[in-house]
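From just these sequences and the hints, can you work out the full model?
Protein chains in written order, with numbering that gives the first Met the number 0: chain A, 0 to 293; chain B, 0 to 208; chain C, 0 to 222.
Take the hints with a grain of salt, since some may be wrong.
[Stated by the list, open to error] No more than 30 Å apart at the CA atoms, straight line, and that leaves these computed lysine-lysine pairs for DSSO-like:
#1 K62(C) / K199(B)
#2 K99(C) / K62(C)
#3 K180(B) / K199(B)
#4 K279(A) / K177(A)
#5 K177(A) / K93(A)
#6 K279(A) / K94(C)
#7 K93(A) / K163(A)
#8 K163(A) / K199(B)
#9 K62(C) / K180(B)
#10 K99(C) / K180(B)
#11 K93(A) / K41(B)
#12 K139(A) / K279(A)
#13 K199(B) / K41(B)
#14 K163(A) / K177(A)
#15 K139(A) / K94(C)
#16 K99(C) / K279(A)
#17 K62(C) / K94(C)
#18 K83(B) / K199(B)
#19 K177(A) / K139(A)
#20 K139(A) / K163(A)
#21 K163(A) / K41(B)
Calculated directly from the structure, the hints in this document are not laboratory data.
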Amino acid sequence: MSVTVDQIALNQWIVCAWMGQVAPGARRDTVVLGQRIRLTCLVDGALACHELAADGSAGRQLPLIQRYEMVFTTLGAEPRPLPEIAEFTESDRKIVNCGSVGVNTSPYRIIENFLDMAHLCFVHTDVLGSLDNTEVYSYKTEHRTGLDEVWATDCAFFQPAASKAAAVSGGGQLTHYKYRVMSPFSVMLYKNVYDEPDRDDVICVFIQPLGETQCFAYMTMAIVDANSTVGELIDFQQTIFLQDRVILENQRPALLPLATSAEIPTRADLSSIAFRRWLKATGIRFGILRAEAA
Amino acid sequence: MGLRLYDYTLSGSCYKVRLLMNFLGLEYERVPVDFYPGREHKTPAFLEINALGQLPVLEDGALRLRDSQAILCHLANTYDPSGKWLPRDSASFGPVMMWVMFAGGEMMAASAARLHDALGYQLDVERARANAHVAFRILDDHLTERLLQGGRWIVGEHPTIADIACFPYTALSGDGGIGQKDYPAIRNWLRAFRRLPRFKAAPGIPEFA
Amino acid sequence: MQITHSDRWLAVGLEAQFEPFSSQPAVLDGYGVAVWRGPTGPVQVWEDRCPHRGMRLSFGFVKGDRLSCMYHGWSFQPDGHCRRIPAHPDLEPPKTICAKTFAVTIFRGIVFANLAAAPEAPPPVPDESAWAPVRSIYVNRSIEVVRARAAAGAGFGPTACDLGAGVYEVATDASGRVTLALQPAEPGRTAMHVTSELTGSAGERRLDIARLLVSLRRDLEAH
Chain A
0 MSVTVDQIAL NQWIVCAWMG QVAPGARRDT VVLGQRIRLT CLVDGALACH
50 ELAADGSAGR QLPLIQRYEM VFTTLGAEPR PLPEIAEFTE SDRKIVNCGS
100 VGVNTSPYRI IENFLDMAHL CFVHTDVLGS LDNTEVYSYK TEHRTGLDEV
150 WATDCAFFQP AASKAAAVSG GGQLTHYKYR VMSPFSVMLY KNVYDEPDRD
200 DVICVFIQPL GETQCFAYMT MAIVDANSTV GELIDFQQTI FLQDRVILEN
250 QRPALLPLAT SAEIPTRADL SSIAFRRWLK ATGIRFGILR AEAA
Chain B
0 MGLRLYDYTL SGSCYKVRLL MNFLGLEYER VPVDFYPGRE HKTPAFLEIN
50 ALGQLPVLED GALRLRDSQA ILCHLANTYD PSGKWLPRDS ASFGPVMMWV
100 MFAGGEMMAA SAARLHDALG YQLDVERARA NAHVAFRILD DHLTERLLQG
150 GRWIVGEHPT IADIACFPYT ALSGDGGIGQ KDYPAIRNWL RAFRRLPRFK
200 AAPGIPEFA
Chain C
0 MQITHSDRWL AVGLEAQFEP FSSQPAVLDG YGVAVWRGPT GPVQVWEDRC
50 PHRGMRLSFG FVKGDRLSCM YHGWSFQPDG HCRRIPAHPD LEPPKTICAK
100 TFAVTIFRGI VFANLAAAPE APPPVPDESA WAPVRSIYVN RSIEVVRARA
150 AAGAGFGPTA CDLGAGVYEV ATDASGRVTL ALQPAEPGRT AMHVTSELTG
200 SAGERRLDIA RLLVSLRRDL EAH
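Listed below in structure tokens is the structure:
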């Protein structure tokens, strides 16, 4: 695999491990945008990251940021700043690292699936959606130019078991969502807490693209739930994601087509339309179907 | 009754046991184990329960069993008054055990490919996929012959624990990059299995609406 | 993403294997199709891709005579038009939303499809006999290698008759003929879909024929 030359892709903070994944004295070799890298954990717990050459020798050192239970690095000189997510600092929340799941598709297919509500009753039947309530009501999207992020707001969807807490209590609810695309390789949602309508749980996906159609999707969450264990919250989220993974690995093509004639959206796909328009404007070519990359 | 299952939702082996529990209508206490990312199954506390550090583990009163194949045998032997899930007649018993062991043996290459692709396990995935295809071909050839003999299950006229044991990793083969376009008999058998009364889904294997 | 397909009939599989209420994948000369059927009625061969977000329709579910995509439940009627978009239950989907469909014919119990936009090649013509399904078998060898063996009788008889469209007919030693329909799947991978003429003790013979095919595959792949 060769390293990408796409400057937009290179100038991002990209997740390459979760915090604690590399134990003291151990190391982890992985690939970011086609570049082999090595994460080394010293015995005192400090982490270091280097590019790896084809012959296995260590190349230049790469910077690291540890935040939101994740370890980020960048191959670029001027990376876009990491997003601010205030919920991770609230002391009464469970901060949950769900690990990473490998998915053979482009990072944008993963992001669009995360933004999408119309699939909840089909792919996550009786949990995040029910076959009796398939309608996706109108919602809004906007490009917040200050942060240069795409947001979808006023999203609402009927859910039989919206979260672990809701599943335990047995109540269906109209869940309110906000979605936020923070970079070409990261997305998050805000969903109202089951019995505290003024607060939102946050679920984030940070994507490590190894290549254009090979990614690790890391999920990290800040959840208001005094009763469920962290293990139960992970279980719930992993179940949802493994259901999505079957879809993600079977979309054709894997590279995202940006030409409007290639795939047919409806009103429910407003967030995906906004996301594709935004991606096109960045000029990114990594992970985009070739003929329409221009 | 006191059945307790140490379980992980995404584990195909655990799913084998959950399937039979459901088919038999058995109540049990489920103890979730944080297999990933927590690696709880390799902690000293869990190694006390199963020295091999593997899931599932079943506790039935004083009895403690590891290995999903052994657990299927125990549950069918003890809790199935119909005797259908583990037939004792000499024409069926040996073949059922043969395929149950195949499920815990050669078929596990499909599990390895899935662990590599989905959970980042480091292993020789090309070899795992090649071995999985060898196993799937053997199962497809067998099911093809069964069809020509007028049967749709692995052994006999109704499903047995041989079908349950072989089902999860076959149904989840796509998770490990192993397609089923070459296995028409397997595809039809998977569909028939999912149509069984009291069949329950697992992530990656949908129920019929 | 426009591909021009040649105007020819390609074997896809045994009709008996495409059960009612199912959608299944096949690869015809490198091109993925979804093969589905409703409760009664004919086998359908469509492009394996939903026009919405590209999800493979071979993962879809069949209810009544409609194929629904697994992703968002868009449901398509037999002529390919989308009839319902669950996210907008009151919307009549525009006629432009369509799955890509292909011409299908059944010959001696074997499903054939023509991927050309306006097929003109004549489909294989059925005869008066009744044919029973034996099996499909997938060989990791090129179509040229498999064809050479089929043309030489494939071990069922001394020679074969080339009927066109990849079909070879072999008169076996016992009464009755065997039909072998070759399908190029991908480079280095070929399928043979086999049916036998329903005469006399057809059931027993089918098992023997199936076993011979397994030996044939082993032999082809060993060399």
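I'd like to know which numbered hints this structure contradicts. Please list them from smallest to largest. none
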